[in-house]
Amino acid sequence: MAQVTTEQPKTMNRWIIVIAAVIVQFALGAIYSYSFLKPAMMAFAATLDDTTGLLPFAFALLFFAILMIPAGRLQDKKGPKIVAIFGSLVLLAGIVLSGIVALPGSGSIWGMVVTFGMIGGGGIGLVYVCPIACATKWFPDKVGLINGLAVAGFGAGSILFNFIYKFMALDASTLGSTLILAGLMMGGMALGGSFFLQNPPAGFKPAGWEPPAPKPGVAAVVENWETKDMVKTKTFYLLWAMYVMSAICGLMVIGNFAPYGKKIDPSIASITVYIAAIAGVCNAAGRIFWGKLSDKIGRVKAMTILFLVQAAAMMLFAIPSMITWAIFGNLVYFCFGGNLALFPATTRSFFGAKYMGLNYALVFTAYGTAGILGALLAGPIIQAMSGDYTVYFILFGCMSLASLGLSFITKVPTRGK
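Adding 19 to a residue's 1-based position in the sequence shown gives its number in our numbering.
Hints may contain errors.
[Stated by the list, open to error] Cut-off 25 angstroms, straight-line C-alpha distance, at most; resulting in silico cross-link-like pairs (BS3-like, lysine-lysine): (1) 247 <-> 373; (2) 161 <-> 251; (3) 161 <-> 311.
No lab work stands behind these hints, which were simulated from the structure alone.
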């Protein structure tokens, strides 16, 4: 009698997906180099102050968050590849157009807001959720770690672009050519990685893996929550509020890290890029560390620890000395990176993988809200304090403490609550 054998369908090596996700996120992470672009932006549009100088960055964050919503829905339906490819092209167009706008050497900030902020930031939003949702579907056994690895590329992307902007000796006259180069690089890398993104076959499980018993703070998902049901839960709004208040800490340090350092000691201008490179490493490392930690102790416990450490780092960063600027600024970057790993991992653990794209896109609107709130508050606070950043950073540190408080009442959602 002939022997009957059954073969598992062949699938691609799932680590290829992770590598592609990191490459895509690395390209998107150039947005975090904005503190090196800001002085040239202010020179380009001479009427800018500390508030309006952040406008292109703030609008990039806003459209990043807004465009994630349709991107999340589309990638849930059509798959990650096609959405990520389209978004990469939009990103390339937006940043290159901002360079063309800047070529004359002077002009209006609103051209930068439209091209760099709305189009470029929108392109990032279209791409961002695709590698995250895709990679975690291949790794149900390592959700926190893979989220951390995927978004670590985003944190590390600023390292390369910090050096590019420094090498180009950025001022109003070189801003245009620099942005064109940056746009081609960002779009090209994102496009290349996007071609490798694909979801696993239906019902995919890693060989020999079975879902473990849940740990405290980590949901054992037995069903996938549609977005319309997710938004009816108290848990969703707690996650959203914590994300706003925690993300705003890191975003405001990122947007002002280099200017704050130069204000403390103008002589460090030549080495700021190297310290910022360390910050980029901390940002990336934080995503991996906090994601892995949440796999071990639970999502909410990891958040609670992160919010406490981040609040302390913000308070100490506010002390105007080079030692506190270097040490605690990098610690804020380390914690900020953790937010970008913990919140998608928590969204997936609490609400399931099937609708992860749209569900996390909605949670991620908190990030865009944080960017706009920070930009609106930054200038008035700094101006009121005559350029003193101390109160500015203490205020945002208090927001991390507020997130800490909310973490104690955040629970795994259940139907009807």
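Restraint check for residue 161 with residue 251, where alpha carbons must lie at most 25 angstroms apart: Between residue 161 and residue 251 the Cα gap is close to 28 angstroms, so the pair fails against 25 angstroms, i.e. violated.
25 angstroms limit on alpha-carbon distance, applied to hinted pair residue 161 and residue 311: Within the cut-off at roughly 8 angstroms; holds.
Residue 247 paired with residue 373 [C-alpha distance capped at 25 angstroms]: Cα-Cα ~14 angstroms, so holds.
Hint 2 from the earlier list is the only one contradicted by this structure; the remaining hints agree with it.
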